[in-house]
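Protein chains in written order, with the working numbering: chain A, 1 to 315; chain B, 1001 to 1255.
Hint data in this document are derived by calculation from the structure and do not stem from the laboratory. Some hints could be false.
[Claimed, not checked] Ranges of calculated distance between the beta carbons of each label pair, as one might list FRET restraints:
1. Glu-277/A with Met-1056/B: 50 to 60 Å
2. Asn-209/A with Phe-1015/B: 23 to 33 Å
3. Ile-289/A with Met-1056/B: 51 to 61 Å
4. Ser-159/A with Pro-1124/B: 47 to 57 Å
5. His-1205/B with Val-10/A: 46 to 56 Å
6. Val-96/A with Ala-1189/B: 24 to 34 Å
7. Ala-287/A with Phe-1015/B: 44 to 54 Å
8. Val-20/A with Val-1144/B: 47 to 57 Å
Using N, Cα and C, we set each Cβ at its ideal position, and we do this for glycine too.
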Amino acid sequence: MKLQINTSNVVVALVAAGLVVLPLYSQLTGNIFILTLFTRIIIFALAAASLNLIMGYGGMMSFGHAAYLGIGGYAVGILAFEGIGSGFIQWPVALVASALYALVIGALSLRTRGVYFIMITLAFAQMAYYIASGMSRYGGDDGLTIYKRSNFGGLIDLSNRVQFYYLCLGCLFGGIYLIWRIINSRFGLVVQGIRSNEQRMQAIGYHANRYRLVCFVISGTICGLAGALLANNTDFISPAGMYWTRSGELMVMVVFGGMGSLFGPVIGTIFFLLLEELLSQFTEYWALIMGPLLLLIVLFARGGIMGLLGRFNRG
Amino acid sequence: MADPLLRVENLVRRFGGILATDNLSLDVMPGELHAIIGPNGAGKTTLISQLTGQLMPNSGTIVFGGRDVTALPSYRRSRLGLARSFQITSLLPDFTAADNVALAAQAHDGHSFRFWGNARKEKPLRDAAQAALTRVGLGARADVPVSELSHGEQRELELAVALATKPQLLLLDEPMAGLGVTESARMVALLKELRKEVTIVLVEHDMEAVFALADRITVLVYGRVIASGDPDAIRHNDEVKRAYLGDQHVVVAHG
């Protein structure tokens, strides 16, 4: 793939560079708040990017993606609570648990299409939410405080803000690189082909649901990683973090940025969370402004922010 | 006599109270071009869809290459060498012509659970795609997105996609549909070439094309075979004449 110089690529490069040097700015100005805010943004961007893989490239509108944030987070939280503090155990468990959940949910949900798929993924995520609420040993509704962040020996110190920030950023860039490889691979082309015309793909010899399911599992696993990061970031995990509104927010981030655009979810997440942060300083009814904005984007900018940037090149 | 490549026996498919396929039996011999004609609503597309597995029959059997494929889903039949083109163009609109064909070639080159390498840079797949595109006269249009191809080009691309799966049997559902005179002539010339290599079942309304191409013709009316034979025999068959000239008569006779 040749790199072209156009508006969207320039914006993406600037944003990426900005994310890399942000801790430096924070150190120089002593503004710690911006570092914690962007740590959170980066983690959600990873979750949104994973959702974009199935939503944008796979055509699967999952309305239950927050469940993976919860599963990844609870894997870390529960293990920490039970005295297993090593990240080398916590994180693989978070990934495997998310993958298994995705495998089961996907196998069942992918029998359906369209609205039914949205509803069934939502229903399963809500089930996960209520299961988490019912785990009284782990705080039930009140959630579970994580007293010690995942321990990676001397490799990296997650309690160090800057180190943790770069770990999250590394995961985000790594995740996007992985997704970029996937969407251009044989597998990725098949998945996008199925989104485009399932009947045609079946007729030329592809078992569509098998490919869909694997894509669903990859997406869930990446989001489980975001969950593990998020739990470490907040030192806390609760069922509220996997409520259906959280899944909705992830969808909005993807739509804001541009579905099916590699870097779109990152832009969308930055836009969404910064706006939420700004607006909530003025009014607690920030959603009143966010809602119409989403409406405008859906109505007039189908490709989200990345789509708008793309228009500058043509027009 | 050789065994038929495709043998359909007593196929029945109902949609509610309507018998779309009515106890239909049919043999397709290796190497022949077998045309299926019939008035609108005769169940031609329904038949093709059952042959490829998009639609399951209520009863009857379909044997392809000596193997009972009646219960196999479409992707498995495709792997066995059964390819179809669609009456209503069915391609991947957001992909280029070359991508469409390369994906068909890829489907028949092992599984596609390969997540890392760039599939668009795999030379064997791209070469196969280019070959199939050149075959149908689209060699120069490889990198054009399907949505920007003309209707005629899309019909040709349908054919290239089917060819790229290296089929033993090609089921063509009205490849001439919506084509202009020159485009139709090109398609006929192309089919004349293809029939030398692959067995073809052709569903078509264009009678001139059918009689020019077919070794054998089967005539369907209301889901039943009313005649089957070489073009000459069909041309002179009384029941066929009635079906085409006086539809009313047939309705009374069979309804």
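Those earlier numbered hints the structure runs against, lowest number first: Numbers 6, 8, in rising order.
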